[in-house]
Structure formats: structure tokens, C-alpha cells
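Participant: Given chain A's structure and the hints, the job is docking chain B onto it.
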Amino acid sequence: MIRLQNVSFTIGTNSFNGVDFHLPRGGVAVILGSRMAGKTGFINVCLGRHPIDAGVVFLMERQVLSGEGLQPSEVRRIGMVTQQVTLLDNLSVAGNVGLPLAYHLGIKERDLRDRVRPLLDQFGIGKIGDRFPHQINNNEAKLAMMARAVIQQPSLLILDEPTAGDLDPAGFLQVMAAIKRLHDNGVTLLITTCSPSMASIESAGFYYLVDHRLIPHSDHLETADRAAREFFKEIRNYTERQKREISGFFKVLFKDEQTEK
Amino acid sequence: MNKEMAVPPVGVAQAERELTWFESYLNSRLQQLAFWRQLAYLFMEFWMGLRALRGNQRRYVKNLTIHQIIFSGIDAVGVVSTVAVVIGGVVLVQMMAYAPGFQGSPFLMDIITSLFTNEIAPVFTALILVGRSGSAIVVELGTMRVKGHHEALASMGIDIAQYFYVPRVIGLTVAGILLNGYFIIMTFFSWFIISSFQRGIDMPKMINLFVDSLHAGDVFISVFKGSVLGITVGIICIHQGVNVKKSVTEIPQRTSKAIVTAFIATFVINIIISLGWYITR
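Chain order of the listed sequences is A and B. Take the working numbering: the last position of the first sequence gets the number 261, and nothing is skipped along the way. Take the working numbering: the last position of the second sequence gets the number 281, and nothing is skipped along the way.
This is chain B alone, in the form it adopts within the complex:
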């Protein structure tokens, strides 16, 4: 064989050569950047789809959105109740053990109120949304992608963003806000249950203190976090679902990736909003 022919072309040699740690690092950072850019693009598509909704299409998409709210919100009530009762109960028991007079202390009640309304309820609600609805969205959209539903819908003049993105993102956002409030109510319910079995807890006094320590800002930040996390979970899961290409084996991989990404995003966004809130307050 001719020696010159045996030398691979430059591009091939570069591709086969092992990357240095810096090149690998740069490569992964660039890929991450592309990922966040794609998410931003998908959000724009959702927004444009929402704004372009007119008359009959709006009515049709509204029905789809209601179904999504029922699935993500109403049907998740059982899971949210369980988690809220368990976490609320654990916190109350811990407080009784380590700070027996907490129910008479406005300062401690302030902390507990902020902790539940601003941090625990939004984060746990978002995690439940990821596990229940997010994974379902990836599997559903991924399967539809493989089966060619997107092309079929597009050929009927049905806007993919309006049909797939708008109901799911709005559904998760509304469900996020509603479940957030429900989580806090169920926490109280768990305190009621425990106080009925445990002496030494003055429940009416505790509720009064809670109501006093609940500021409009807490309610706002709780609703804001619920909505932002709902949108984020929706966009991340839709992005992974619609990025399934041709093979069914991609669906579990994409689902796992969506769940991990949405979990991380939930914590990171929660921290960013909290920091912003506490700094500007």
C-alpha cells in the first residue's frame, strides 16, 4: 500500500486523538452551554405558541391544559399529602425534642414558617412534579417522537408548540403553585394530628403565631418559586422528550437525564431565588 494513503486525513486524526483534559473540559462546557441555549429556545417556542393561540385553538389547548393540571396537580394530592405529613411531623417532633418552648417563641415560628413556605414546600413539590409528571412527559413525548406523531400533527396544521408545550408547561406551573399551597396546609394538618396525641402543644396559639409570622413576602416567594420551578421542570422534561430521535432505547436514557437535570435545576434555582430574595429584602 502506498505510504501516503495509509496516513489518515487531518480531521480523522484529530477526531481519533485523545483530547487533553483542557480540551475535554472546554468541550463539556460548550455542550452545557448548547444545552441551556436549547432550553431557552424551547421556552421561546412555548411563549410564541402561547401568544399565537387564537379562538378555537385556544379552546382546544385549554382543554388539554386542564387535563394536564388534573394529572399533575389533582392526581398528585396523595403523594404530596404523604410527603407533607411526614416532613411536617418530623420537623414538629424534632422541635419538641430540641426546643420545647418553640410554640411560644415568635422568633422560632418565624424560622419554621419561612422554612416551610419559602424552601421545603416549593422544593419538595417540584421534586414530586419531576418524579410523577416530568418522567411521564419524557416517556410520552419520546414515544410519540419515535412513532412519528410530531410529523403527523404538523401535517394536519397543528402547531407542535401549542399542542405539546403549552398545555404541559402551564399545567406543571399551575400544579406547582397549587401543590405548594396544599403542601403547607397538609403540614399544618400533620401538626394537628400530632398535637391531638401529644400533650404540651398549644395548637391554637401555634396557629396564631404562624399566621402572624406569615408575611405577604413569604406567600409571594412561595408562589413565585412554585411557578418558576414548574416552568423549569416542564421545559427540561419536554426538551428531553422531543430530543428522542429514532430509537425506543433512547427513551429511558432521556428520562433518566431529564430527572437528574430537573433535580439539579430545582435545587440551583431555589438557591438563586432565595439568595436574591434575602439580599433584596
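So that you can see chain A by itself, here it is in the shape it has in the complex:
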């Protein structure tokens, strides 16, 4: 679905050289990197929106020329969930989710609700279809954006930091469940994240965007690459700290229950 061969590009002052990447049809690729590592820039390179200095980019079996962007026919086959909440304030949730259908197919508002309702139910936001973006929380907004991205049944879905923002634990689980469901339905997924929790996605190909390089995950990585080793160390420390904090939190939370037993 996406293939980068020896691609070089520059994002801001950061130069990336010799980037190789492959995302097969139906597959999942998770690009893990810290903030400002160039994850969104990498997505733009894959979609031909950002110019490249060298190498070749293939998107849906077509070679994308540097910075040319997508062809109109390709746009509808690629769904995208941006990092920030980008629901239009003047449209209801149902109106936002159905916006591509209303614009491209001219479906009227009353028919649109019937068309988007099953999708809203599928994402667990069926009850908030008539509400406006300022009346919903971040979990619901993120799920609505995911629903909007898949309403045209794209074969490739790009999720830029899907679990970033003010998602609460329930929202995080809902987003993860939605990602899993999409993967099970055969949608090809490209996910960028700074959250190691994405490792819970089964059969995903992991890449680390670190030190201006895209390093594919491998069992020998820790010994092979210094930058990746340090990045790993950070992730491990973060995960272990989180585990400790959560276990401490649970001890306090369920103390009464344990004493009762």
C-alpha cells in the first residue's frame, strides 16, 4: 500500500536520510516517536504532500512525485484522522461524520442522519449524533473523527496520534477497540504515536522515528543501534513507572474491598 525506498527529506531543520518503509495491503504500521520527532511530516511524505530530496515513494501502486499530493480519485480511498479535533463547529456530530457524503454525493441532511447512524452506533457514539462539537467530550470527538474518516470506506486509514489529547482511560480503550475493529475489517492502518501502549495492537509492524531515522523494530535492535537503544530505554522506564503508579493507585483504590475479603 505504501512503500518508501531510500527516501531523503527535510522537516524544519531535521534531515532524514535513507528512509525505507513498507506497509502491505491490510497491514498495520505503527510509527513510534517522541514529540516533534517528525511523525506528521513522515505522513505527509507518504502522501506526497511534503517534497522529498531523493528516493522513491509508492502509494497504492503509484509512484508519487515529490510534493505533488494525491490525485482526486485517491483522496477518497484514504481516510485520515488528524492529531487535533477538527470537527466543524457549525455542524452536528452526524453532519460532521456525513460531511464527505453530503459534499461528494449531495445527500440531504435528513437522509444523512439515517446513513451515518449505523456507523455512529458502531463507534459507540450513536446517542450524540444531534449534538454539536462543543457539547461533546474529547473521547467522543476523537471517535467521531474516526467515523468521519471511514465513512467513504477507505482502503487506507492514517491515524496521526489517535490517543493524544485529553482522552480519559475509557476513551483510550474505545479508540483502541475501534482501531482493532478496523484492522479486523481489512483496512490498512498507518498509525503515528508517542504512546508505547500502541504495542498492544497485534500483528502491527513497529518503526521507531528516532535521531532523524526510521528504524524498523527487530529483536536485535537493542544491541544494533545506539539511538534506538536509548529510545527503548526511555520507553521502558516510562512503561515501568506507569505500571508502578497504576499498581499503587489500584492498591489504594481497592483497599476497602481487600480488607472486607
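FYI, nobody ran anything at the bench for these hints, they're computed from the structure. Each residue gets a CB set at the ideal place from its N, CA and C atoms; glycine is no exception. Heads up, a few of these hints could be off.
So the derived list for chain A, only partly shown, Cβ under 7 Å to chain B, looks like this [claimed, not checked]:
| # | residue |
| --- | --- |
| 1 | Met36 |
| 2 | Ser73 |
| 3 | Arg76 |
| 4 | Thr82 |
| 5 | Gln84 |
| 6 | Leu101 |
| 7 | Ala102 |
| 8 | Tyr103 |
| 9 | Gly106 |
| 10 | Pro118 |
| 11 | Val150 |
Facilitator: This is chain B only, laid out in the frame that chain A set:
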């Protein structure tokens, strides 16, 4: 430290050096030139977007345009009424004080008619459009830009020019023409009100003279100015809105810049059209 290393590279030295007045002048002129070129480019984008509208998209954009006309035109009726009544009333009172027989003079009525239809109504309507709709457009588009709506819409295959530019420019143009006519009607209304309180004004006679002095050319130039100023205000405000980059603090700066630029453009374009009209007439 090595002395050679302490000398900054040539480019840096040039950038840090204070520019001479001529260089500053040239620089600002070039920047202005770039600004007008960008406006022309944005107008082209609007035009291409309009021409590329097909079937379902046309229907969707038509709905957006109607909303814009309602916001910029219908909702502005109150402000336009107030301004038109006040200005019309002031002009009538002044004429009564300094030219008591003006209502019987076709010459003076000719001047008043031309003044209102060709100059006052289009300019004041455009200024109201800038203050009400122009500022709203900059804030709306700027905020959407910062929040990444443009990229999100583009990723859904929605043409930014069709979604943002076309409804706003057409909406402001139609609102400009409609409010222009409404301004003139409200001026008459103010004269009716004043004449009902003030003796010595023969309103039917004045209306007859006004209708006689209103030529097709006046109507044409009024409509033409209304449409050109509507397009100009729309393009300037959209340009400032979509040029907001990443920070919310840019939005008030861009809004202020859009309002000042649109005000100046309104007066300059009005003068150019008037000059062209009076020279060729």
C-alpha cells in the same frame, strides 16, 4: 578564539546591518507587490473553484452561500438601516439649512442622487461589510487554520477554495449589492420621517425629482461598485484568515490588518471606479 571565526558570514552581516532608507523603501514596496500578487492568486483560486463546481458539490456550496448571504446581508439590515437613516437625515437637514429650495431644483437633486447612489451607499455598505462579515471571516478562517481544519477537509477530498472561498466571496458580493439598494431605500425612508415632522418639504415632488434624476448609469455604477467592493472585501479578509499559521495570537493581528487594508481598498477602489465612470461618461 580564532579571529577569522569571529567574523560572521556575509549573509548574516547583511541581514543584521541596518538598511538604508532606500533599501527599506524598496523592501516595503516589494512586500506590497507580493501582497497584491497573493490577492490576485487567491482570486484566481476562487474563480477556478467556482468554475470547477459540479452537480452535488454545487448544491452543497449553494447552501453554504445562502447561509453567508443571510449572515452578511439579511442580518446586517439593522446596522445598515441605522447608518442610512442617520446619514440621509443629516444630509437632508444640512440641505434644508444651506439650500432651502433644493427640493425644487433638478440640479441639486441630481447631485444628491449621484452622491447617494454612486458614492455614499456603496462605500458605507462596504465598510459595514468589512466590520461585520470581514472581521468574522478572518477570525473563523484563522481559527480553523490553527486547529488544522484545512488539512482535515483536504484529506476528505473537499476543495478548500470551493468550501471556504466561493461561498464567502459570492455571499459578500450579493450582500454588497442588496445592502447597497437597501441603503438608498432607507435614506428615502429617513427623508419621509423628517418631512413628516418638518414643514416646507414637498416629499412627493422630491421623489419625482429623484426618480427623474436617477439614470440607468447611476444604477449600474451603484450595482457595479457594490459587487466589486464585495469581492474585494471578501478576498482581502479570506487572504488574511488563511494566512494565519500556527499561533492563535496571529488571529487578532490578522483581523486588524484585514480591516485596515479593506478600508483603504474600499476608498481607493471607489475613487478609481468613480474616476473611470466620470471620465468615460
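Participant: The structure should be examined with respect to each hint, and the outcome stated for every one.
Facilitator: Evaluated hints:
1. Met36: 13 Å, violated
2. Ser73: Violated, because the Cβ-Cβ distance from Ser73/A to chain B comes to roughly 9 Å (cut-off 7 Å).
3. Arg76: Holds, about 5 Å.
4. Thr82: At 5 Å from the nearest chain B Cβ, Thr82/A passes the 7 Å test, so the hint holds.
5. Gln84: For Gln84/A, the interface hint holds, since the closest Cβ of chain B sits about 5 Å away, which is under 7 Å.
6. Leu101: Hint violated; Leu101/A Cβ to chain B Cβ min 9 Å, cut 7 Å.
7. Ala102: Holds, because the Cβ-Cβ distance from Ala102/A to chain B comes to roughly 6 Å (cut-off 7 Å).
8. Tyr103: Where the cut-off is 7 Å and the nearest Cβ of chain B is about 5 Å from Tyr103/A, the hint holds.
9. Gly106: Hint on Gly106/A: holds, closest Cβ of chain B at ~3 Å, below 7 Å.
10. Pro118: 19 Å, violated
11. Val150: 11 Å, violated
Hint compliance for this structure: hints 1, 2, 6, 10 and 11 are not met, and every other hint is.
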